[in-house]
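Construct the entire structure; sequences and hints are all you get.
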Amino acid sequence: MSLLAERLYSEIVRIPLIDPHTHIDASDPASRSLADILGYHYYTELAHSTGMDRADMDPSLEPRERVRRLCLRLPALANTVQHSWLLEISRLLLDLPLQRIDGTNWEALWEAAQKKMSGPGWPEEVLRRSNIEKVFLTNRFDDPLEGFDTGRFIPCLRCDDLVFRLHDPDVAGRLRKTTGIQVENLTTLRRALEAVVSRFRARGAKALALSLPPEFSPEPESEGSAGAALSKALSGRRANSQDRERLARHVLWVLADLAQETGLPFDLMIGVSRHVYESGVPQGTDLFDRRTSLYQYRALFNAFPRVLFPVSVLAHDQNPELVAYAWIFPNVVAMGHWWYSNIPAFIAQDARSRLQAVPAAKQIGYYSDMYKLEFGLPKFNMYRKVLAQVLAEDFVQGRGFGEEEAIALARTVLRDNVERIYKV
Amino acid sequence: MSLLAERLYSEIVRIPLIDPHTHIDASDPASRSLADILGYHYYTELAHSTGMDRADMDPSLEPRERVRRLCLRLPALANTVQHSWLLEISRLLLDLPLQRIDGTNWEALWEAAQKKMSGPGWPEEVLRRSNIEKVFLTNRFDDPLEGFDTGRFIPCLRCDDLVFRLHDPDVAGRLRKTTGIQVENLTTLRRALEAVVSRFRARGAKALALSLPPEFSPEPESEGSAGAALSKALSGRRANSQDRERLARHVLWVLADLAQETGLPFDLMIGVSRHVYESGVPQGTDLFDRRTSLYQYRALFNAFPRVLFPVSVLAHDQNPELVAYAWIFPNVVAMGHWWYSNIPAFIAQDARSRLQAVPAAKQIGYYSDMYKLEFGLPKFNMYRKVLAQVLAEDFVQGRGFGEEEAIALARTVLRDNVERIYKV
Amino acid sequence: MSLLAERLYSEIVRIPLIDPHTHIDASDPASRSLADILGYHYYTELAHSTGMDRADMDPSLEPRERVRRLCLRLPALANTVQHSWLLEISRLLLDLPLQRIDGTNWEALWEAAQKKMSGPGWPEEVLRRSNIEKVFLTNRFDDPLEGFDTGRFIPCLRCDDLVFRLHDPDVAGRLRKTTGIQVENLTTLRRALEAVVSRFRARGAKALALSLPPEFSPEPESEGSAGAALSKALSGRRANSQDRERLARHVLWVLADLAQETGLPFDLMIGVSRHVYESGVPQGTDLFDRRTSLYQYRALFNAFPRVLFPVSVLAHDQNPELVAYAWIFPNVVAMGHWWYSNIPAFIAQDARSRLQAVPAAKQIGYYSDMYKLEFGLPKFNMYRKVLAQVLAEDFVQGRGFGEEEAIALARTVLRDNVERIYKV
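Residue numbers (numbering that gives the first Met the number 0), protein chains in the order written: chain A, 0 to 423; chain B, 0 to 423; chain C, 0 to 423.
Zero decoy hints are in this set.
Computed beta-carbon distance windows for the label pairs:
| hint | chain 1 | residue 1 | chain 2 | residue 2 | range |
| --- | --- | --- | --- | --- | --- |
| 1 | B | G50 | A | D27 | 38 to 46 angstroms |
| 2 | A | S1 | B | D27 | 43 to 51 angstroms |
| 3 | B | G203 | C | Q113 | 47 to 55 angstroms |
| 4 | A | S1 | B | S59 | 44 to 52 angstroms |
| 5 | A | T149 | C | A298 | 39 to 47 angstroms |
Non-contacting residues of chain C with respect to chain A, defined by C-beta distances greater than 12 angstroms in every case (computed):
| hint | residue |
| --- | --- |
| 6 | R6 |
| 7 | R53 |
| 8 | E87 |
| 9 | E132 |
| 10 | E193 |
Looking from chain C toward chain B, a few residues come up when the C-beta cut is under 10 angstroms (computed):
| hint | residue |
| --- | --- |
| 11 | L313 |
| 12 | Y339 |
| 13 | I342 |
For the record, the hints were derived by calculation from the structure and aren't laboratory data.
Heads up, the beta-carbon is just placed ideally off N, CA and C, and yes, glycines get one too.
Printed below as a string of structure tokens:
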């Protein structure tokens with residue numbers, strides 16, 4: 000990094016964060032041992048990809064032994080950016096600066112983690128060191144949403160089950176149970192969905208979120224065909240894939256309508272194909288088919304002009320579309336760098352193009368997607384380093400921005416937009 | 000920019016330009032007030048995208064008031080490269096160096112523009128300062144092509160109406176009126192198209208140009224099916240989408256044949272989807288579907304080996320295909336950086352790959368696509384900065400080119416190829 | 000290049016290479032004159048693309064005259080990276096440092112080449128100067144595999160004919176001839192394929208390799224439909240495209256099964272469309288359709304977990320998929336930079352993303368794809384320069400790697416993985 004970029008970086012890390020998308024469990028937000036850190040799917044799937052047996056990471060193994068086995072495998076991943084997150088956690092959160100992790104030092108790391116994580120104030124300590132003020136959750140539609148500080152942890156209604164699995168009797172049962180409404184037709188379906196959204200809002204939820212497969216095209220479904228598909232799904236007759244798609248389209252449309260009524264943004268995470276690698280580790284089975292387009296979403300974006308849609312795309316090569324759609328549609332926001340696109344080589348190109356062509360207010364710079372609080376710091380740092388370099392090269396040097404102006408732009412995409420868009 | 004890149008840049012800006020694709024109105028080429036500048040769709044669509052109401056940019060508003068309202072919105076776009084064009088126009092053409100434009104200084108800018116633009120020699124002054132010698136136009140097929148200096152403004156036949164809207168009675172009527180030929184079958188259709196091309200050539204036209212939607216595949220259509228589609232279209236019976244596509248294929252084939260006969264290059268601008276954002280501002284409703292391939296054009300490229308096809312692609316992620324097709328097909332030329340790909344982050348990658356893999360003579364570096372002359376300078380400057388950096392890093396430093404050699408390469412792609420390919 | 004990158008480069012070039020994919024003829028591996036160098040399709044197709052007539056490169060022309068004509072055309076290609084390979088061959092192998100090649104100096108180059116290449120030890124000299132120890136071949140299934148040193152030249156079974164052209168009586172005849180097995184049904188087909196693989200293994204073959212068109216989806220084919228397709232193909236009845244595809248799927252499945260049984264890696268080179276430019280020079284007619292996805296390969300990757308699939312993709316915009324699939328699937332290896340993606344602008348982005356996200360052991364950095372030994376050196380140098388820069392910027396400067404550690408990473412992807420994966 001140039002001196003200028005370093006100077007910008009040192010200011011950018013002082014911007015207090017609201018992390019707008021995570022998978023944190025509010026009742027157990029931080030790691031309890033190094034096993035929670037190394038249990039993150041990035042490590043298990045990368046280790047598995049290099050030949051580690053799934054038996055060696057089985058949760059039934061004693062945590063310390065699981066950690067030992069994974070640490071022996073870490074040198075094989077030492078080139079990955081995910082591995083660099085570990086070193087950063089060790090250095091910045093566990094106060095143990097390491098150059099590498101392997102069979103010679105894993106125990107020191109384990110002990111350092113034990114010492115830190117066993118303290119009662121650890122989650123708060125992590126947040127403080129990470130400069131993160133608030134954290135969005137990802138909650139199942141029947142999550143009780145109780146037992147945590149909604150000032151710190153902000154609920155978000157994850158809609159995948161509702162949109163894509165309502166034909167599953169288990170999901171339908173959970174919906175009945177959580178709403179007290181027996182879904183029998185489109186009217187009662189809408190009532191049930193209203194009840195879910197309403198309960199989430201009452202508990203402080205600030206967003207809806209949905210991940211979508213690459214081949215899905217959200218379009219309005221006629222009442223007739225949606226109703227027929229619902230009947231089939233509810234009657235226990237096997238809904239075929241066309242019925243499921245019709246029902247999915249309808250539910251998505253109703254949820255978008257509820258988002259419009261309630262003013263909630265609707266996060267769309269586009270492009271994931273589930274269960275592609277059948278023998279993968281948990282969370283390590285999904286991939287994507289790049290043959291997808293935001294053009295599939297034009298009907299949705301047009302139909303709900305007052306819903307803000309923060310959009311993430313899984314394939315880096317789809318970013319040019321996201322730039323263009325966020326540039327044109329007032330209700331499309333370019334959001335973060337998701338999963339397989341969340342590496343510096345792709346972030347650099349994607350962040351650069353968004354900062355050059357999408358109005359600042361239409362961008363959410365980053366979210367951590369973390370499962371445990373410890374990952375917020377290294378992931379945001381990875382983004383902030385890229386951001387500092389783009390601002391230094393393209394804006395300060397390339398376009399004559401003042402340094403303060405560049406930092407203000409960073410603040411807009413990293414913090415202010417999250418506050419404004421989600422009304423936090 | 001490194002000192003080397005700056006040195007190259009300072010030489011590159013001295014190369015006099017021929018701008019091979021614009022939307023200039025030859026009878027009114029320059030802006031008459033700042034309202035013309037800010038009325039460019041880039042500003043209205045970006046302002047609209049950040050929430051500005053279309054009523055606030057309505058042409059019925061007094062120009063000064065429209066400018067005021069748009070200027071108040073400009074800080075929201077200050078990060079975009081399109082905004083930087085404004086600052087450059089202000090500094091280099093209006094002699095008013097500004098760091099930003101907002102409520103505090105918009106009147107000064109308005110006045111500066113009034114003073115400059117009201118002079119009778121303003122269009123010539125803009126061209127002189129921009130180092131642009133000639134400007135290609137984009138003319139409707141029934142444009143009278145009169146009342147302007149064809150030494151300065153070079154007509155180009157825009158073929159979109161002919162190819163994609165001949166089923167529209169209005170278009171058919173315009174064709175009859177401009178050619179005096181009543182189209183009744185494929186023979187008279189060809190005669191009418193010949194008459195159009197012939198009139199354009201007589202008025203100094205140097206190219207045909209056509210924009211194409213991503214799903215279109217130009218293939219030869221049989222006489223039978225093309226003739227049937229034409230009959231249906233002419234008889235007032237509603238031509239369905241298949242008929243329209245057949246007719247489009249046939250007309251494109253005839254135009255390519257006429258291009259081959261007359262030696263005119265045929266610009267193809269591939270990938271735009273029209274009217275995607277229904278409530279957008281004028282010219283701000285079009286986007287694209289990235290699922291398109293130059294493979295769809297193989298029959299066309301093979302069928303007309305003596306037609307040069309300068310090809311632009313709308314999706315940055317299609318550039319690798321353009322590189323490969325221009326590398327292999329003698330009649331495919333990689334042309335410019337179009338619309339949503341016209342930002343430095345994409346230009347840098349695209350220009351770099353073309354300069355590394357496509358023979359210099361097969362590239363047209365840039366065109367401005369401008370609606371008013373004032374945009375030529377900042378748009379070409381944006382490209383020239385990227386070009387200077389690529390030449391500095393990849394060619395002078397990376398491959399040992401002399402600086403003169405690098406500048407000669409710039410001249411080839413920026414100027415000489417335009418002259419040679421279009422026979423200007 | 001920075002001083003750091005240069006330092007890394009100077010170490011990286013000292014790593015002795017095994018080139019894991021070439022088209023070398025083991026009985027005639029090096030060029031016999033400059034005509035062999037300039038006959039490489041890169042030069043003939045680029046020259047043809049700039050307007051050179053195919054008659055001017057006709058093999059019936061005397062080699063010296065062919066060289067003269069091509070050299071006169073070279074200035075038109077001087078910007079391409081392929082041209083830089085020529086200068087590097089001249090400087091590093093022919094001991095003739097040139098800044099350009101044209102009508103003024105081609106004879107000196109011809110003479111220098113004659114002098115060097117006529118010596119009996121030339122192939123060994125080239126390998127020595129190139130620091131290449133072993134070279135993989137690409138052998139037709141009925142190649143006798145005799146008359147060369149399999150310690151130096153490693154056979155590899157090219158499967159294209161077997162998978163995609165078994166319906167061709169000529170191919171079926173060659174299969175019968177080389178195996179002595181009359182294929183009459185799926186059982187004898189398998190037996191014949193076993194015989195081929197078995198003979199290759201006995202002769203030291205270390206891999207299977209197959210290039211695939213973008214639209215192909217390898218899936219298991221039922222015995223019934225595969226058998227019917229085979230019968231049709233064998234009986235002389237014209238197998239239609241569906242039959243061919245069924246047969247192709249079946250043969251691919253059998254070969255993957257044999258790869259699993261024998262432990263041979265199976266190189267997949269994905270995405271080439273054959274004969275797109277009909278009038279192209281030999282090897283200069285193929286291009287691609289970017290609308291393809293590794294998702295099409297999920298069944299294959301899942302079905303053969305013990306087969307290593309080193310995967311190359313032809314379209315640079317498919318690289319993000321390759322990164323993700325190699326990251327997740329234990330049996331998918333990201334391999335090299337193929338053909339139209341083999342230029343520094345694309346290699347830089349692709350190598351960077353792979354090094355950041357794919358475990359080092361899952362990557363084969365580069366292969367030359369060369370037809371004559373002289374191209375190994377400049378092609379590997381092109382890659383090694385990019386690699387040195389990525390390692391300098393991302394790993395040493397960006398992540399605090401020691402220089403030795405960075406060089407070790409280079410050694411892993413350039414050399415060690417080839418040795419381990421192919422069991423050389």
